[in-house]
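Participant: Taken in sequence, the protein lines are chains A and B.
Quick note: the first sequence, position 76, residue 76 per the numbering used here, numbers continuous.
Quick note: the second sequence, position 65, residue 65 per the numbering used here, numbers continuous.
It is possible that part of the hints are untrue.
Said to hold, decoys possible - The list that follows gives simulated cross-link-like pairs (lysine to aspartate or glutamate, DMTMM-like), each with its CA atoms no further than 25 Å apart:
id : chain 1 : residue 1 : chain 2 : residue 2
1  : A       : K39       : B       : D58
2  : A       : K78       : A       : D40
3  : A       : K184      : B       : D31
4  : A       : K107      : B       : D99
5  : A       : K77       : B       : D83
6  : A       : K63       : A       : D253
7  : A       : K78       : B       : D99
8  : B       : K97       : A       : D73
9  : A       : K63       : A       : E87
10 : A       : K37       : A       : D94
11 : A       : K184      : A       : D73
12 : A       : K165      : A       : E87
13 : A       : K83       : A       : D42
14 : A       : K83       : B       : E105
15 : B       : K101      : A       : D108
16 : B       : K50       : A       : D75
17 : A       : K37       : B       : D83
18 : A       : K105      : B       : D99
19 : A       : K63       : A       : E101
20 : A       : K39       : A       : E64
21 : B       : K50       : A       : D108
The hints are simulated quantities; they were obtained by calculation from the structure and are not laboratory data.
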Amino acid sequence: MKKLLAASLGLLGLLAAVQPADAHFMVAYNKDTYMEKAKDLDMRMVFTHPSEAGTVMNMGGVKEFYALHQRGDSDVKKIDFLKNVKEITWKNGDSKAPAYEAQIKAKDIRSLGDYVFVFTPGYYHEEEEGVYMQQITKLILNVGGIPGNWNQPAGLPAEIVPMIKPYGLWTGNVFQGQVLSNGKPVANAEVEVEFMSNEMQLDSNTMSSKCEVKYPAPQFVTQTIFTDENGVFTFGIPRAGWWGFAALGVGPDKEYKGKELSQDAVIWVQAVDMK
Amino acid sequence: MKLKFVAFSLGLMLASPVMAQAHSALFDCFDNGDGTIYCQGGYSDGSSAKGVKITVSDAGGKVLEQGQLDANSEVTLKKPAGDYFVTFEGGEGHSLKLDGKNIVE
C-alpha cells in the first residue's frame with residue numbers, strides 16, 4: 001500500500017513537473033511605452049500567465065491607480081487615474097475573470113516627460129495553496145522624449161526601480177532593476193521573468209491563442225534571477241516585445257486574513273528591434 | 001539623396017514636439033483655450049531648460065511677445081490673433097520653432 005501510495009505520489013509529482021512552469025503576473029499594458037506626442041491611452045490590467053495566454057485570475061479588486069509625472073528635474077506631480085478604471089471581463093481560452101481597463105485622454109498626459117503608472121490590486125486567493133498574492137505593478141510611459149523620474153522609487157511597499165531607461169529598450173539590451181522593500185534594497189530576492197508571447201487583443205479583451213514563441217521545454221517559460229547584495233538584477237533581452245519582471249514576496253506585508261501573503265513587485269518593459 | 005535626408009529631418013523637426021537631432025532639445029506648446037498658450041521644454045538627458053527664452057512671432061518674423069522658461073521649464077504666454085510661430089531660443093543647435101497651427105488644446 002505504501003509502495004502504491006509512493007508510486008501514485010511520484011506519478012503526480014511527475015505530472016506536475018511537466019506542466020508548463022508559467023508564473024502569475026499582473027499585466028499592466030498600453031500599446032506603446034513611448035510616444036512622440038501624447039495619445040489617448042487604452043490600458044489593461046489583467047492577472048494572468050502572460051507567457052502562454054494562461055489562466056486569468058481574480059485579483060481581488062483595485063486599490064490604487066495613478067501616475068507620477070516628471071519632466072527633467074521639475075516637480076513630480078501625482079495624477080490620480082482611479083476614476084478612469086472600469087471593470088471588464090478578460091478571457092484567455094476557457095478561463096475568464098474580472099480585470100480592468102483605463103481610458104485616459106491625451107490631454108491628461110500632454111505634458112512632456114515620464115509617467116510612472118502604479119497599479120495596486122487587491123488580494124488574489126490561491127485556494128490550492130491557501131495563500132494570498134498581491135502584485136504591485138509599475139508601467140513607465142514617456143511622452144516627447146524628455147526623461148524624468150523613471151529611475152526614482154515611487155515610494156511603494158514593494159517595487160522594482162529600473163536602472164536602464166525602460167521605454168527606449170532595444171532588443172539585445174539588458175534590463176537592470178533594483179528591488180526595493182519599503183525603499184530598502186532586497187538582497188537575494190527571487191525575480192521571475194516572462195515574455196508576453198500571446199498578443200493582447202484589446203477589442204475582445206483576450207490574449208491571442210497564437211503563441212509567438214516555441215518554447216522547447218517548460219524550463220524556458222519562466223526565467224529566474226536572484227538579486228545581488230544591492231538588490232540589483234540584470235536580464236539580457238533576447239526578443240522584441242513585452243517583458244514582465246516579478247520580485248516575489250519582497251513586500252513588508254506577510255499575512256492577509258490570517259493566511260500567508262506574497263506581496264510582489266512587478267514591472268513591464270517593452271523592447272523594440274533595431275532596424 | 002542628401003537633400004531628401006535634409007528634407008526628412010526638417011519634416012521631423014516641424015513635427016510636434018520638435019526635436020533638435022544633434023543636441024536633443026525638445027519643446028512643445030498647447031493652447032489653453034483661454035487666449036493663452038502653455039509651453040514646455042527640456043533636453044533628452046533630462047537637464048533643465050530653465051531661463052531659455054521663448055519668442056512668439058508673426059508670420060513675417062516680427063516679435064510679438066517674449067518669455068522665459070521657469071524652474072519647471074514651462075511658461076504661459078498670450079496667444080496672438082493670426083498666424084504665429086513660437087521659438088525656443090536655445091542657441092546654436094538648440095533653437096526650435098513651432099508653427100502655431102500645430103498648437104492645439
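Participant: Does each hint hold? Answer for all of them.
Facilitator: Quick rundown of the hints versus the structure:
1. A:K39 <-> B:D58: violated (29 Å)
2. A:K78 <-> A:D40: holds (18 Å)
3. A:K184 <-> B:D31: violated (43 Å)
4. A:K107 <-> B:D99: Within the cut-off at roughly 19 Å; holds.
5. A:K77 <-> B:D83: Between A:K77 and B:D83 the Cα gap is close to 33 Å, so the pair fails against 25 Å, i.e. violated.
6. A:K63 <-> A:D253: holds (15 Å)
7. A:K78 <-> B:D99: violated (31 Å)
8. B:K97 <-> A:D73: With a Cα-Cα distance of about 23 Å, the restraint between B:K97 and A:D73 holds, given a limit of 25 Å.
9. A:K63 <-> A:E87: Holds: A:K63 and A:E87 sit about 13 Å apart, inside 25 Å.
10. A:K37 <-> A:D94: Violated, because 38 Å separates the two Cα atoms, which is more than 25 Å.
11. A:K184 <-> A:D73: holds (23 Å)
12. A:K165 <-> A:E87: Given pair A:K165, A:E87 is violated - Cα atoms ~31 Å apart, limit 25 Å.
13. A:K83 <-> A:D42: The given pair, whose Cα atoms are some 14 Å apart, holds under the 25 Å limit.
14. A:K83 <-> B:E105: holds (22 Å)
15. B:K101 <-> A:D108: holds (21 Å)
16. B:K50 <-> A:D75: holds (13 Å)
17. A:K37 <-> B:D83: OK: A:K37 and B:D83 at ~22 Å, within 25 Å.
18. A:K105 <-> B:D99: holds (23 Å)
19. A:K63 <-> A:E101: Holds: A:K63 and A:E101 sit about 14 Å apart, inside 25 Å.
20. A:K39 <-> A:E64: OK: A:K39 and A:E64 at ~23 Å, within 25 Å.
21. B:K50 <-> A:D108: This hinted pair holds, its Cα atoms lying about 23 Å apart.
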